[in-house]
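Number of protein chains: 2
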Amino acid sequence: MTQDPLVIFTPSGKRGRFAVGTPVLTAARQLGVDLDSVCGGRGICSKCQITPSYGDFPKHGVNVAEGALSDWNSVEQRYDDKRGLKQGRRLGCQATVQGDIVIDVPAESQVHKQVVRKAASARVIEMDPATRLYFVEVDEPDMHEPTGDLERLERALKEQWEITEIDIDFSVLSQLQTVLRKGKWQVTVALNTLAENARPRVIAAWPGLHETGHFGLAVDLGSTTIAAHLTHLETGEVITSSGIMNPQIRFGEDLMSRVSYAMMNPGGDVEMTRAVREAIDTLTTDIAEEAEIDPSLILETVFVCNPVMHHLLLGIDPVQLGQAPFALATSEPLNLSATELGLSALPAAARIYILPCIAGHVGADAAAVALSEEPNKSDDLVLIVDVGTNAEILLGDTSHVLACSSPTGPAFEGAQISSGQRAAPGAIEAIRIDPVSKTPRFKVIGCDLWSDDDGFWEQTAQTGVTGICGSGIIEAVAEMRIAGLVDSSGLIGSAEQTGTTRCEAEGRTHVYLIHDGSADGGPRITVTQQDIREIQLAKSALYAGARLLMDKRKADKVDRIELAGAFGAHISPLHAMVLGMIPDVPLDKVQSAGNAAGTGARIALCNMAARRDVERLVREITKVETAIEPRFQEHFVAASAIPHATDTFPELSKLVALPQVSFNTGGGDEDAGGGRRRRRRRG
Amino acid sequence: MTQDPLVIFTPSGKRGRFAVGTPVLTAARQLGVDLDSVCGGRGICSKCQITPSYGDFPKHGVNVAEGALSDWNSVEQRYDDKRGLKQGRRLGCQATVQGDIVIDVPAESQVHKQVVRKAASARVIEMDPATRLYFVEVDEPDMHEPTGDLERLERALKEQWEITEIDIDFSVLSQLQTVLRKGKWQVTVALNTLAENARPRVIAAWPGLHETGHFGLAVDLGSTTIAAHLTHLETGEVITSSGIMNPQIRFGEDLMSRVSYAMMNPGGDVEMTRAVREAIDTLTTDIAEEAEIDPSLILETVFVCNPVMHHLLLGIDPVQLGQAPFALATSEPLNLSATELGLSALPAAARIYILPCIAGHVGADAAAVALSEEPNKSDDLVLIVDVGTNAEILLGDTSHVLACSSPTGPAFEGAQISSGQRAAPGAIEAIRIDPVSKTPRFKVIGCDLWSDDDGFWEQTAQTGVTGICGSGIIEAVAEMRIAGLVDSSGLIGSAEQTGTTRCEAEGRTHVYLIHDGSADGGPRITVTQQDIREIQLAKSALYAGARLLMDKRKADKVDRIELAGAFGAHISPLHAMVLGMIPDVPLDKVQSAGNAAGTGARIALCNMAARRDVERLVREITKVETAIEPRFQEHFVAASAIPHATDTFPELSKLVALPQVSFNTGGGDEDAGGGRRRRRRRG
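In the order they appear, the protein sequences are chains A and B. Following the numbering used here, the numbering of the first sequence begins with 47 at its first residue and continues without gaps. Following the numbering used here, the numbering of the second sequence begins with 47 at its first residue and continues without gaps.
So that you can see chain A by itself, here it is in the shape it has in the complex (with noise of 0.2 Å):
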């Protein structure tokens, strides 16, 4: 008995015999071999191209022949004509089982292809968008039979993709007919599938075969910055990457200042809402610009953010997430339309995507960390510090994740900081001081040079110097206590103590000369008594959160850090350490996660299987409410020393001898970093 052809398919390995003459396709098909198309088997979408590899099947000890496929045929020719088909590929369409074969799928006919995401952890993103082209035939409307076009759409997708069951999006609806009629009843539709038994929605309909692709927006919706990220939703790749500013800093620089504003405006809400989906259409369309596409291609959008800009965004009024208990309108994921949503450079039927809140004060953007970073799946207890204005912490590994929020307020972000500023060309954003010159250099954003490198002062010219950022401040504070400028209290030490001018009194307290640019007409840059106290609550909260969590896993040390965040990305560990801002680690077990939530984003955008992913992660997390932990009060005030305890920091200890200094006289300041101020800050 003659058997029929065996096909093997790689490099998923699955394989089964075919009768002569059954298409490459249709028995990648019916063995669940992932082959994309988009045509359905027309030969014109070209998604479904094959390698045919020829050789030996060892198992079998058959040779493969050539003519284990049908020959070259006219549609594969007119398509290598006009577009070109790589050497040796075929359309698994068009040719036709012969004989005993192996075909290979190459990755970019692969539906799930995996992207590998340009970060430092080389992480892949497996491709599951939500979003589906189709391209069917469509059979003319008839007298003898009336049916409308949307009923004859739904036969064709029925008939040629086995899909039933289809939602429309009303804004597509009232173009099918133009549509369908343009194409001459050839139609590209864009199913959009929330989960595996939803209803495919229409979401995008063209004439013909569409071969622009379909793309996608992940928006990292921040109370300062709007980063966005168009994603091409075939092939995951970063198309362009841009940020605009969040207009909403008119109604007040952090959150809880935002919240204040809708409190005491009626309508201020509304006002917010306005100015922030604004500056997101405004951004849609820039990108697009800037991508060279076309907006209404941009079908999906998803974003993450804090809770109050979660509410904001919404158009809710974010009022109670400004008072205990912290309630959000919901925590859930949501799925809306950009028309709902009162996105107007986005098509009416774009579909968006928010990532679920943790609680309160943990928002989509904390979700969003998680999914990318995913503690859940760590074997080593992982410590995830997301720093602005309020940190985010998570806490966890495969057994058990936990979250909190601490309110760290503004400090790591310059603000409230006497020479502080944001990050930008001209703000020192490193420093480092002689331990025995007690003489500080520096590094500005924009200068590849420390200050004391020739040529530094001609470069930094145009930008002067002009203040300190977060990561500069951290720096500063750290780089003090290691010269010995500052005790482990945290107070400057005077000029006579400390044997440098540099340290200058101001009433009753000392403040570090970093750099006097007054002769110039720029600043004298210091660092002052109370900017290490902002500092000392600030860390103290983070660290506190960080214990706080630990305390809940019965953890008293973790096993590597996270920083994320841009902050996370230009803060020195060292520095951090010596601060006492994060628990004690060996070094090389603190890295960057850089844009996480982005990255989060991202994945949510490519992946619906990520969407389910973090949905339930969310769910499990343990979520700790630092306001109401009579511990985090106690690890707060404990923490406020430079760093709090060395005997906490035997790792750092190896790495640097820290001074026995001690500049308290009994007067002045005696307030080492306590929580006395620190309730006003929450947001």
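In case anyone wonders, no lab produced these hints; they're calculated from the structure. Check each hint, because a few of them may be wrong.
What the hints assert, rightly or not - One-sided excerpt, in silico: chain A residues whose CB lies under 7 Å from chain B:
id	residue
1	F216
2	L222
3	T376
4	K669
5	I674
Ideal Cβ placement from N, Cα and C applies to all residues, glycine included.
Following the hints, put chain B in place on chain A, whose structure we already have.
Below, chain B without anything else, positioned relative to chain A:
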């Protein structure tokens, strides 16, 4: 062994034994007795009122004593003090079972109460609305367990009503926090459920117990007028009916000219869509004001309309409906939100239901007629005719229903008639011609007297006699035929031939003078030869459509005829039959169906099962397209005479003898109403 008390509910007859102390509401629920409750048994909504019925259980021989229910309690007393309970009523949630008892559920306490329709057929509408209200008590937020307000509402609905997996309209979500706090964590939510297995959707939320009910609009969106019935969605009562002119008239009187407007003017369809939506907004606001309710309480709206209005309402260019093959964008029923449909007077979350269309010329209005008149439930063969610019014709019985549309043109509406006008005060609506003197007498709209009655001219001095409306022209032509002024071919005789100077020569044909108001500056109202030709065209089309369906059904007669619509209500069956508009049946078998389309809309508004019924019926109806049926042309040409062949009108012959006259002199008008101008009137 002592048995638990036996509880019997009337009128359902459901019965069961329940432990002493079981609340009556609980017993009713367990038995599936139709007993309403919004507050879920808290004694505040009063929906669960019952009447204990003390007496014998003949089958059991037990005499039920006083005390078979628990004593009147303080909750009932408070409710009675506050709002008053009818004598003998108890609250089903408060009264508990103490012994064997019969309990009557009054009609107003039934969820599926039946509401008698104020119409000829006195059919009842069973209440089974898509939207129902639920009162719940929601947990307050708690920092120890951070959940969103929505999640706590979901939990409450699950715990208190066993309702799971809800959706929430975005516009309600954005107000949820305010509503919950205003109601002190008590809230009434309106849940809309589109099908048994569909997720209920929160479409409104009110603080505390919402007691003013919720409403629906049944809208009959016609080419000329838009009529709406504001309906209480708990009782089914029509609170207010109101109408407004369709402002699209300025783009074209009839549908075809509106389609032309869209074809000739880029953006014309958008203009017309805006106009009709604005008119609906105005009508909504007006009707709510008249009924003294807040428009935000109108949670559902049902539309019925012809296909062109259907597309223009939806914002779909109707151009395809103006040319063969007359393809609809969709014929499916549509469920939309007020926002999607661009209606701004309704709450954003209000649900819109648009009945399915039957075919390109047989719209959702015809579907509504079918729902109201139920030809599919008729034992005898019924012909239902809804006359407008197109006549929609349904023919069927329990075995099978057919439908078609026939291009009657606007003559039946008084258009294209020389003295024709819309039905309005001053328009002749009825006419009788003395067979001997050939003198007419008539009635005009706005006056109950005939023109030869005393006081007629005084009473009509205000309006004057201004023209002839649709029912008037039908009677005029039929009366002219009966009086021997017109022969069976439709020719008007000369003064000599007819013996009356009212038959005047006009060019090569004659006209009949009905009323000469020229002495008082009024019009000379005549019926011209051309008028009769227009009526012949229209009636031939109507008859041919009916006849075509009868052919398809292999029926040479129908058992009864229903005339639907405003026109159908005013038409004289005898005169219609003299004209040969409708097939021959005994006169008492011709009935007006009243505003059947509007009634169908109300039924769909009040009853979800009816929506499923009409959707199924529409799928099952045999759609006949007159334009491609050669038999239609044959019938059309053959039906030109008045009536076309006396042997097909035996019932008519019993009622009136039509003179055997012939005015054909071989010259002049020979076109006896042929089809040459018919095509252009489609629409």
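Legend entry - Hints that the structure is at odds with (numbers, increasing): none
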